[in-house]
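Colleague: Per the numbering used here, the very first residue in the sequence shown carries number 29; after that it's consecutive.
It is worth saying that the hints were derived from the structure and are not from the lab.
Being a predicted model, the structure only gives us computed values, none of them experimental.
C-beta atoms are modelled at their ideal positions from N, C-alpha and C, and glycine is treated no differently.
Misleading hints may appear alongside valid ones.
Claimed, not checked - Within a straight-line C-alpha distance of at most 25 Å, the following computed PhoX-like cross-link-like pairs (lysine-lysine) qualify:
1) Lys115 with Lys166
2) Lys115 with Lys90
3) Lys188 with Lys165
What the hints assert, rightly or not - Cβ pair distances, simulated, as ranges:
4) Asn244 with Lys90: 32 to 38 Å
5) Asn167 with Ile235: 22 to 28 Å
6) Lys115 with Val227: 17 to 23 Å
7) Thr68 with Asp140: 32 to 38 Å
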Amino acid sequence: MGALFELYMTTVNTQIAVEKGEMLPLMEEFYTIQGEGFHTGTAAYFVRIGGCDVGCHWCDVKESWNADLHPPTSIDQIVKNILAYSKTVVVTGGEPLTWNMQPFTNLLKQNDIKIHIETSGAFPVTGVWDWFCLSPKKNKLPVESAYQIADELKVIVYNKHDFIFAEEQAAQVNPNAILFLQPEWSKRNEMTPLIVDYVMKNPKWRISLQTHKYLNIP
29 MGALFELYMT TVNTQIAVEK GEMLPLMEEF YTIQGEGFHT GTAAYFVRIG GCDVGCHWCD
89 VKESWNADLH PPTSIDQIVK NILAYSKTVV VTGGEPLTWN MQPFTNLLKQ NDIKIHIETS
149 GAFPVTGVWD WFCLSPKKNK LPVESAYQIA DELKVIVYNK HDFIFAEEQA AQVNPNAILF
209 LQPEWSKRNE MTPLIVDYVM KNPKWRISLQ THKYLNIP
C-alpha cells in the first residue's frame with residue numbers, strides 16, 4: 029500500500045510540475061545546424077516538446093503529438109543539457125505553447141541563453157523570446173498576440189491555395205515580421221518552382237528550404 033501511495037503521489041506531483049511549467053514533456057533534444065527560416069545555417073540546440081492538437085496532415089513529426097509518450101523532464105536538467113553545447117536554443121514541437129513556457133524561459137534568461145521558438149501561435153503566448161518564428165496552420169489559427177510579436181512568418185506551401193493563405197497571414201502580422209514561404213517536403217519538387225516564381229513577383233517574401241534534410245542532419 030505504501031509503495032502504491034508513493035507512486036500515486038509521484039505521479040500527482042509530476043502532473044502539477046508540468047502544469048506549472050517546471051517540467052516539460054521532452055520528446056528529443058539535439059545540437060545541430062538550423063535548417064529553416066531566417067537563422068538557416070547557424071548552430072543551435074533544439075528542444076522538441078511533445079504535445080500538439082493542431083493536426084497538420086503533412087506534419088513530419090506526428091510522433092510528437094501525444095504528450096503522454098514523452099517523459100516529463102525537469103527544466104533544470106534541460107537547461108543543463110543546453111549549456112553543455114550552446115548559448116542558443118530553439119524550442120519547437122509538437123506545439124510548445126501548449127505548455128506554460130514562462131518558468132523555462134526565465135531559467136534560460138538567467139543563464140544568458142538566446143531563446144528562439146517555432147510555433148503555430150495557436151495558443152496564448154507564454155514565456156520571453158528573443159526570436160519568435162510564427163508558422164500558422166489553417167486548422168487552428170494564431171492568437172492575436174502571436175501576430176503582434178512575430179519576428180518571422182513562415183508559411184508552409186503544400187498546394188496553390190497556400191499562397192492565398194500566406195497573404196492572409198501576412199496581413200495579420202506586425203510590419204517588421206520577415207516573410208518566408210517554404211515548400212512542404214513531400215511536395216518540394218512541385219511547389220518550389222511555384223514559390224520561386226511567386227517570390228520574384230512578390231519580393232516582400234523570401235524562400236525558406238529545409239536545408240537540414242538536404243544535408244542529412246537532424
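Colleague: Determine for every hint whether it applies to the structure shown.
Modeller: Hint-by-hint comparison with the structure:
Distance restraint check for Lys115 and Lys166: the Cα-Cα separation of roughly 33 Å exceeds the 25 Å cut-off, and the hinted pair is therefore not satisfied. For the given pair, Lys115 sits about 28 Å from Lys90 by alpha-carbon distance, which is inconsistent with the 25 Å threshold. The straight-line distance between the Cα atoms of Lys188 and Lys165 is roughly 15 Å, inside the 25 Å bound, and the hint therefore holds. For Asn244 and Lys90, the Cβ-Cβ distance of about 21 Å falls outside the hinted range of 32 to 38 Å, so the restraint is violated.
Judged by the Cβ atoms, the range 22 to 28 Å given for Asn167 and Ile235 holds: they are separated by roughly 24 Å. Take Lys115 and Val227: their Cβ atoms lie about 33 Å apart, and the range 17 to 23 Å is violated. About 24 Å separates the C-beta atoms of Thr68 and Asp140, a value inconsistent with the hinted range of 32 to 38 Å.
The structure shown violates the earlier hints numbered 1, 2, 4, 6, 7.
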